[in-house]
Amino acid sequence: MVNCKLDKEDQQKFDELMQKFIRKSIGKFRNTDLVRLCIRFTWENFDKIKQLKSEITRLDEIISKQQKELNEKNKKIEKALQSLQ
Numbered sequence: 000m001v002n003c004k005l006d007k008e009d010q011q012k013f014d015e016l017m018q019k020f021i022r023k024s025i026g027k028f029r030n031t032d033l034v035r036l037c038i039r040f041t042w043e044n045f046d047k048i049k050q051l052k053s054e055i056t057r058l059d060e061i062i063s064k065q066q067k068e069l070n071e072k073n074k075k076i077e078k079a080l081q082s083l084q
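Just so you know, we're using numbering that gives the first Met the number 0 here: the sequence shown kicks off at 0 and counts up by one.
If you're looking for bench data, these hints aren't it; they were derived computationally from the structure. One or more of the hints may lead you astray.
[Stated by the list, open to error] Straight-line Cα separation of at most 25 Å, DSS-like style, residue types lysine-lysine; simulated pairs:
1. Lys67 - Lys78
2. Lys67 - Lys52
3. Lys12 - Lys23
4. Lys49 - Lys27
5. Lys7 - Lys19
6. Lys74 - Lys64
7. Lys12 - Lys27
8. Lys75 - Lys64
9. Lys64 - Lys52
10. Lys67 - Lys47
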C-alpha cells in the first residue's frame with residue numbers, strides 16, 4: 000500500500016482536476032452513447048425513413064403545384080383589379 004499525503008492546496012487542485020476529468024469523460028461517453036442510439040434508430044427505421052422521404056417528395060410536388068396555381072390566380076386577380084380601375 001502506498002501512502003500519499005498531499006497538502007490541502009494540492010488535494011484541492013487534484014480534486015478539481017479529477018472532477019474536470021470525470022465531467023469530460025462522462026460527456027464523451029454520453030456523446031458516444033447518443034451517436035450509437037442514433038445509428039441504431041436509423042438502422043431500425045431505415046424503411047420508414049425511405050417512406051418518409053418519398054412522402055416528403057410527394058408533398059413538395061403538391062406544394063409546388065399549389066403555389067403555381069395560386070400565383071396564376073393572383074395574376075388574374077391583379078389583372079381584374081387593374082381593369083376595374
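Consistency of the hints with the structure:
1. Between lysine 67 and lysine 78 the alpha-carbon distance is near 17 Å, which keeps this suggested pair within the 25 Å criterion.
2. Our distance criterion of 25 Å between C-alpha atoms is met by lysine 67 and lysine 52, whose separation comes to about 23 Å.
3. Proximity of lysine 12 to lysine 23 is assessed by CA-CA distance (about 17 Å); at most 25 Å being required, the pair is judged to hold.
4. Between lysine 49 and lysine 27 the CA atoms are separated by roughly 31 Å; this puts the pair beyond 25 Å, and the hint is violated.
5. Pair hint lysine 7 plus lysine 19 holds up; C-alpha atoms about 18 Å apart against a cutoff of 25 Å.
6. Restraint check for lysine 74 and lysine 64: satisfied, since their Cα atoms lie roughly 16 Å apart, inside the 25 Å limit.
7. Between lysine 12 and lysine 27 the CA atoms are separated by roughly 22 Å; this keeps the pair inside 25 Å, and the hint holds.
8. The straight-line distance between the Cα atoms of lysine 75 and lysine 64 is roughly 17 Å, inside the 25 Å bound, and the hint therefore holds.
9. For the hint pairing lysine 64 with lysine 52, the CA-to-CA distance comes to about 18 Å; that is within 25 Å, so the pair holds.
10. The straight-line distance between the Cα atoms of lysine 67 and lysine 47 is roughly 30 Å, outside the 25 Å bound, and the hint therefore fails.
This entry does not satisfy hints 4 and 10, going by the numbered hints stated previously.
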